[in-house]
Amino acid sequence: MFKAKVKPEVLKELVEVVSILVDEAKFTVKKGELQIKAVDPAHVAMVELRVDKKAFEEYKADESELGVNLLKFRDVLKLTNPGDVIAMEHNEEKNQLVLKVGNITRKMALVDTTGLSDPKVPNLNLPVKVVIKAEELRKVIKASESVSDHIALETSPEEFKITSEGDNDSADLVMSKHMLNELDCKEGARSLFPLDYFSNMVKAISTSETVTMLMGNDYPVKMEFSIAGGNGSSTYLLAPRIEND
Amino acid sequence: MGKVHFLLQTEVEDNHRVHHIIFFPEFSSVEGFIEALKGRHSPLSSDGRPKMHMGGAEIAQAALDNGAMIGPSHAFTPWTGMYAHHDSLASCYGDQAGKVHFAELGLSADSDYADRIPEMRRLAFLTNSDAHSPYPTRIAREFNRIEMKAPSFAELRKAILHEGGRKFVLNVGLPPQEGKYNESACIKCLTHYALDQAKALRWRCRCGGVIKKGVRDRVEELSDSREPKHPAHRPPYLHLIPLGEIITKALGVANPNSKEVDEAWSAIVGKFGSEVAALVDAPINEIQPKEVAEAIAMFREGRVRLIPGGGGQYGQVVLGDEKIEPPKAPAPKGQRGLFDFR
Chain A
1 MFKAKVKPEV
11 LKELVEVVSI
21 LVDEAKFTVK
31 KGELQIKAVD
41 PAHVAMVELR
51 VDKKAFEEYK
61 ADESELGVNL
71 LKFRDVLKLT
81 NPGDVIAMEH
91 NEEKNQLVLK
101 VGNITRKMAL
111 VDTTGLSDPK
121 VPNLNLPVKV
131 VIKAEELRKV
141 IKASESVSDH
151 IALETSPEEF
161 KITSEGDNDS
171 ADLVMSKHML
181 NELDCKEGAR
191 SLFPLDYFSN
201 MVKAISTSET
211 VTMLMGNDYP
221 VKMEFSIAGG
231 NGSSTYLLAP
241 RIEND
Chain B
1 MGKVHFLLQT
11 EVEDNHRVHH
21 IIFFPEFSSV
31 EGFIEALKGR
41 HSPLSSDGRP
51 KMHMGGAEIA
61 QAALDNGAMI
71 GPSHAFTPWT
81 GMYAHHDSLA
91 SCYGDQAGKV
101 HFAELGLSAD
111 SDYADRIPEM
121 RRLAFLTNSD
131 AHSPYPTRIA
141 REFNRIEMKA
151 PSFAELRKAI
161 LHEGGRKFVL
171 NVGLPPQEGK
181 YNESACIKCL
191 THYALDQAKA
201 LRWRCRCGGV
211 IKKGVRDRVE
221 ELSDSREPKH
231 PAHRPPYLHL
241 IPLGEIITKA
251 LGVANPNSKE
261 VDEAWSAIVG
271 KFGSEVAALV
281 DAPINEIQPK
291 EVAEAIAMFR
301 EGRVRLIPGG
311 GGQYGQVVLG
321 DEKIEPPKAP
331 APKGQRGLFD
341 FR
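These protein sequence lines are chains A and B, in that order.
For the first sequence, the numbering used here begins at 1 and goes up steadily by one.
For the second sequence, the numbering used here begins at 1 and goes up steadily by one.
Worth double-checking, as some hints may not be accurate.
Label pairs and their calculated CB-CB ranges [to be verified]: (1) A:Glu135 <-> B:Ser225: 48 to 54 Å; (2) A:Gly32 <-> B:Trp79: 45 to 51 Å; (3) B:Ala200 <-> A:Gly83: 38 to 44 Å; (4) B:Lys38 <-> A:Ala109: 46 to 52 Å; (5) B:Arg17 <-> A:Asn69: 25 to 31 Å; (6) A:Asn95 <-> B:Lys38: 54 to 60 Å; (7) A:Asn181 <-> B:Leu201: 35 to 41 Å.
Just a sample of chain A residues kept apart from chain B, beta carbon distances all over 12 Å, derived [claimed, not checked]: (8) Phe2; (9) Glu63; (10) Asp172; (11) Gly229.
If the Cβ cut is set under 7 Å, some of the chain A residues that face chain B in the computed set are [unchecked claim]: (12) Pro194; (13) Leu237; (14) Ile242.
Calculated directly from the structure, the hints in this document are not laboratory data.
Glycine included, C-beta positions come from ideal geometry on N, C-alpha and C.
Construct the complete structure from the given sequences, taking the supplied hints into account.
Laid out in structure tokens, this is it:
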């Protein structure tokens, strides 16, 4: 059983965070929260997300799994206006998610969850921690998009640097320790990432003011941020490109 | 140059990055068109393919109001072709779509491809070469044969509209497989993908690069039949491999723009009058050197295989039983997967 009411902005944020990686996702409904875990088809990036029942106006659930087509879900959310509340109910018999927005009822067929992957989150040792304002990341993404297709994240005990280098142009963000919310780095680390993935991830971080980035040397980056007005959290994992591979 | 006639023509890019060809009847028509644009374009005096700050419908309106003809350039090219950004002529040209009477096919498509799409069947197909580079393997590698009374805009217009007995009698072009975007492939590592595979991967290659949809797959999406349905006005399509490319293969040289190829090409074309005459009509025993004669014989006998292009890399021509290595991809920049770190 799953029955809930929620403000559309909570769902919009959730769909945005997940849909940059997959078109369909398994929503794991628990008694006290909703969880989503998905890996993109190329296995380059992963998202892990949980939204507490406190983020919902109403929330009643037993444990269940819903296979959701995020593109359809996004279309339903386009029907909403600020101040609306969406009512959702799982019709188990027909395997549908019934959504009510104002006077509109949209019955959405659910996807068979056996076809959706349940990725195992890699166990990573990420020794460097940087906490940075999301706005700073958005700015450097904007500056880098016309420069190159990859981006380097580099840390030293004193500063955090994001660099994008093309054949002729470059863009840098350099932030010393005191400009960051936190920098915990014993030894320098550097990893290179595909800019399109990184950029989509940063753009999907819409309400969290800060992002916690956990890194290593030639190692994946983990980006943690809050969602649903602090009543939920999300984590992106992105695999690196290895230079001179 | 005595037998070369020129037509007033331009290619422009619209605000969706779609390229259009425009044919003008006279200079006053060009001036009227420029005036109708009201300065919403990049500099016309220095930009070879000016960028218009307007959509296809508005450009078409400005061209048609001034007596010109307009149609999509290289309609299938996945970067700047009409079908890269639109699903139909109407989506691109709005209420002017019915007044579009031709489409340029581009290197990766032929009339068998284009006539699988219902809305294309009424159009005249142009198989035009470009003049981006002067090499024998590039310039005039595609062309049209048109029946007209005089080399003029008015006669071309009639041929495009199949009026008064004027018509396109032959389209000549590369086999579509030779084009750079025939199959869907990663633009970075050049791995080729089937349409279903690419969709499942959301057009992202394992190397981190973008998979560019190939013309063959785009046609598949837009077609209403597995086989082409040619209209009565459609001329035959002759697939030609540029003579320079055949010479390059025959002589075993790496660079088609080398002096060796250029000299052989000039000698053969000088002797037989044109590439087509050399490739199609010239007696094999009169072609020199003999390696090239043998290669042309293989071409005529259909003993030529093609390895489709994709992701920006031209397809490869393979003569006879020659064994070749699959295209070498540039080394990908080591994109790792998450599960490499378990």
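Here is what the structure says about each hint:
no.	hint	in the structure
1	A:Glu135 <-> B:Ser225: 48 to 54 Å	53 Å, holds
2	A:Gly32 <-> B:Trp79: 45 to 51 Å	49 Å, holds
3	B:Ala200 <-> A:Gly83: 38 to 44 Å	39 Å, holds
4	B:Lys38 <-> A:Ala109: 46 to 52 Å	50 Å, holds
5	B:Arg17 <-> A:Asn69: 25 to 31 Å	30 Å, holds
6	A:Asn95 <-> B:Lys38: 54 to 60 Å	56 Å, holds
7	A:Asn181 <-> B:Leu201: 35 to 41 Å	36 Å, holds
8	Phe2	28 Å, holds
9	Glu63	27 Å, holds
10	Asp172	20 Å, holds
11	Gly229	29 Å, holds
12	Pro194	4 Å, holds
13	Leu237	6 Å, holds
14	Ile242	4 Å, holds
No hint from the list above goes unmet by this structure.
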